[in-house]
Amino acid sequence: ETGVTQTPRHLVMGMTNKKSLKCEQHLGHNAMYWYKQSAKKPLELMFVYNFKEQTENNSVPSRFSPECPNSSHLFLHLHTLQPEDSALYLCASSQEAGPFSNQPQHFGDGTRLSIL
Amino acid sequence: AQSVTQLDSQVPVFEEAPVELRCNYSSSVSVYLFWYVQYPNQGLQLLLKYLSGSTLVKGINGFEAEFNKSQTSFHLRKPSVHISDTAEYFCAVTPTGRRALTFGSGTRLQVQP
Numbered sequence: 026e027t028g029v030t031q032t033p034r035h036l037v038m039g040m041t042n043k044k045s046l047k048c049e050q051h052l053g054h055n056a057m058y059w060y061k062q063s064a065k066k067p068l069e070l071m072f073v074y075n076f077k078e079q080t081e082n083n084s085v086p087s088r089f090s091p092e093c094p095n096s097s098h099l100f101l102h103l104h105t106l107q108p109e110d111s112a113l114y115l116c117a118s119s120q121e122a123g124p125f126s127n128q129p130q131h132f133g134d135g136t137r138l139s140i141l
Numbered sequence: 756a757q758s759v760t761q762l763d764s765q766v767p768v769f770e771e772a773p774v775e776l777r778c779n780y781s782s783s784v785s786v787y788l789f790w791y792v793q794y795p796n797q798g799l800q801l802l803l804k805y806l807s808g809s810t811l812v813k814g815i816n817g818f819e820a821e822f823n824k825s826q827t828s829f830h831l832r833k834p835s836v837h838i839s840d841t842a843e844y845f846c847a848v849t850p851t852g853r854r855a856l857t858f859g860s861g862t863r864l865q866v867q868p
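Keeping their order, the protein sequence lines are chains A and B. Plus 25 on top of the position in the first sequence (first one is 1) and you've got my numbering. Plus 755 on top of the position in the second sequence (first one is 1) and you've got my numbering.
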């Protein structure tokens with residue numbers, strides 16, 4: 026299996042549920058990202074991890090909690106979400122080459138999340 | 756801070772016609788530029804990137820883009836489109852020293868027979 030794999034592909038949950046999104050990359054990359062893609066809005070960066078360390082948190086509400094146990098896996102734990110959180114959540118990875126990395130990001134197919 | 760403007764939300768075009776998707780950016784620092792494509796129900800795929808050197812960049816599927824620093828533009832072109840090119844196209848920038856992309860709002864290319 027190659028590339029960036031996200032599971033599940035679709036998720037429907039109530040506002041009081043707790044669920045997790047999973048991302049796995051088989052590209053040997055060191056940086057991983059979570060993005061949110063809502064209808065009619067540009068892609069929004071949520072979190073960035075480099076060598077398992079969180080380097081950016083783009084003012085994301087605490088009901089979204091990321092976890093990066095190693096460079097190949099990234100999770101997004103969800104709790105008490107709101108209807109406006111319904112969106113496509115995309116994971117990406119890139120090869121880190123020092124502080125001035127210009128490597129392109131490789132995206133997974135995303136998880137379509139619907140909040141009831 | 757950086758921003759990316761894609762001037763056209765939708766571009767309808769007939770098959771085998773040429774197409775240009777426009778992208779302008781603003782940034783106070785040097786940037787790298789990217790074009791991604793998103794086919795229905797799929798994630799993003801890198802089409803091409805500009806890092807340095809020649810301002811004309813060739814990518815996959817016959818697409819190319821030209822970096823114009825004075826006009827802060829990075830327009831995407833294809834001389835002859837196919838039905839299979841129907842998708843959403845995103846322009847993005849990364850300033851040197853950062854790891855994350857800032858995306859435009861996307862342009863939906865609709866190729867008609």
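Take the hints with a grain of salt, since some may be wrong.
What the hints assert, rightly or not - Take a look, some chain B residues computed to stay more than 10 Å from chain A by CB distance:
1) Val759
2) Glu770
3) Gly859
Claimed, not checked - One side only, chain B facing chain A, incomplete, derived with CB under 8 Å:
4) Pro795
5) Gln797
6) Phe845
Claimed, not checked - Below, computed lysine-lysine pairings styled on DSS-like, alpha-carbon distance capped at 25 Å:
7) A:Lys43 with A:Lys77
8) B:Lys804 with A:Lys66
9) A:Lys43 with A:Lys61
10) B:Lys813 with B:Lys824
11) B:Lys813 with A:Lys61
It should be emphasised that the hints constitute simulated quantities derived from the structure, not laboratory data. The structure displayed is predicted, hence computed values, not measured ones. Ideal placement from N, C-alpha and C gives every residue a C-beta, glycine not left out.
Hints and how they fare:
no., hint, in the structure
1, Val759, "violated, 8 Å"
2, Glu770, "holds, 27 Å"
3, Gly859, "violated, 6 Å"
4, Pro795, "violated, 11 Å"
5, Gln797, "holds, 5 Å"
6, Phe845, "holds, 7 Å"
7, A:Lys43 with A:Lys77, "holds, 23 Å"
8, B:Lys804 with A:Lys66, "holds, 23 Å"
9, A:Lys43 with A:Lys61, "holds, 18 Å"
10, B:Lys813 with B:Lys824, "holds, 17 Å"
11, B:Lys813 with A:Lys61, "violated, 28 Å"
Hints 1, 3, 4, 11 from the list above are not met by this structure, while the remaining hints are.
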